[in-house]
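Protein sequence lines, in the order shown, are assigned to chains A and B. When the letters of the first sequence are read in order and numbered with our numbering, they come out as residues 2 to 249. When the letters of the second sequence are read in order and numbered with our numbering, they come out as residues 110 to 228.
No lab work stands behind these hints, which were simulated from the structure alone. Owing to the predicted nature of the structure, the values given are computational and were not obtained by experimental measurement. Any given hint could be a false lead.
Beyond 12 Å from chain B on every Cβ pair, some chain A residues (computed) [claimed, not checked]:
#1 His-18
#2 Gly-21
#3 Leu-53
#4 Ala-191
Chain B stretches covered by chain A per the calculated footprint, using a threshold of three residues with CB under 8 Å from any CB of chain A [stated by the list, open to error]:
#5 166-177
#6 199-212
Facing chain B, a subset of chain A residues (Cβ under 8 Å, in silico) [as the list claims (entries may be wrong)]:
#7 Leu-166
#8 Ser-167
#9 Val-170
#10 Arg-175
#11 Val-232
#12 Ile-235
The C-beta atom is built at its ideal place from N, Cα and C for all residues, glycine as well.
Listed below, chain by chain, are the residues.
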Amino acid sequence: MDPIHQFNISKLYILGHFAGREIAITNSALFMFAAVFVIIGGMMVATAGRSLVPGRAQAVVETTYEFVAGMVRQASGEAGMQFFPLVFTLFSFILVLNMFGMIPGFFAVTSHIVVTVFLAAIVFLTVVIYGFWHNGLRFLKLFVPSGVPVYILPLIVAIEVMSFLSRPVSHSVRLFANILAGHITLKVFAGFVAMLGGLGLFGWIGALLPLALTVALTALELLVAFLQAYVFAILTCIYLNDTLHPGH
Amino acid sequence: MADRRSPDEEAALSARLKQLGERIHEAGARRQQEAEELREDEAKREDAQSNLAKALRLSSEFVAGVLVGGLIGWAIDHFAGSSPWGLIVFLLLGFGGGTLNAMRAAGLVAKGGAAGKKD
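Let the sequences and hints guide you as you build the complete structure.
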């Protein structure tokens, strides 16, 4: 009945040792592999027919493409399409992992902050490295808004730098916290059903309330699972937009 | 001639023609209205979706700013021995950055330089 137990990492297969540490395939890694397999396999199978009038599976893949492409174009214009592979990969990876987490018995990979921090770090480092490579030192104009009086400029620059540095934190914590909290809430309410159910007839009647809540929460979590992937992807687009147009 | 119609018939025919024209016009207007309603519905649904996404952003943006500010301040104090000034200054800066992030997420402050152009 421990609501945290579902997040335990267990080693499934030990590959070997490196620098005194065990390198193992964990359940987390297994589900990441499974997600990549499902995404790539699904895409390849669905688009294998290449029919002009798409079937169901092909329509899903095409809609996903259009959805992400529209998101990238809206946030960072046509020039942002060079980042489309990155955004699409992140979106589909997080979406499939979140949806995997909603299947009973499956492991919610994105409920571990290590994973989300790494994903956010990819975006952050892409922004910084590509920003300097593409714009040179003009990239620093990102921190200097135009039209600000000189006497408050140092303060504004400090706050802008702070705002920039807090991005990867909020980017990763949001995804991790939402998935973690959602899964714990679900587990706790489902636990109530089992506990009350053990109390006899009155318990059964009482258990109806948490049962209804569990059903409702499952629907909400499905929405959150999609929305978090969407938010992660759209923020990636917004951040990447800075590398293309720093000064404005 | 065979297809010569009496004035009465002529009048009835033109009345029917007029009626038909009106009906076509009405149907067209109705269809246009339906299409517009459909488009509005869709826009509203998309709006609701992006609004929900926005709401999810707000809280974490602010918290992250304060957290990062506090962390940097603490680290500076720890290594430079300037306690407690680093923590105070960077916590305040982090507060500013978090507020800026939250306001940007809410769309109240335009990105970058555009904010300055307004005043």
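Hints versus structure:
no.: 1; hint: His-18; verdict: holds, 33 Å
no.: 2; hint: Gly-21; verdict: holds, 28 Å
no.: 3; hint: Leu-53; verdict: holds, 25 Å
no.: 4; hint: Ala-191; verdict: holds, 24 Å
no.: 5; hint: 166-177; verdict: holds (count 8)
no.: 6; hint: 199-212; verdict: holds (count 8)
no.: 7; hint: Leu-166; verdict: holds, 5 Å
no.: 8; hint: Ser-167; verdict: holds, 4 Å
no.: 9; hint: Val-170; verdict: holds, 4 Å
no.: 10; hint: Arg-175; verdict: holds, 4 Å
no.: 11; hint: Val-232; verdict: holds, 5 Å
no.: 12; hint: Ile-235; verdict: holds, 7 Å
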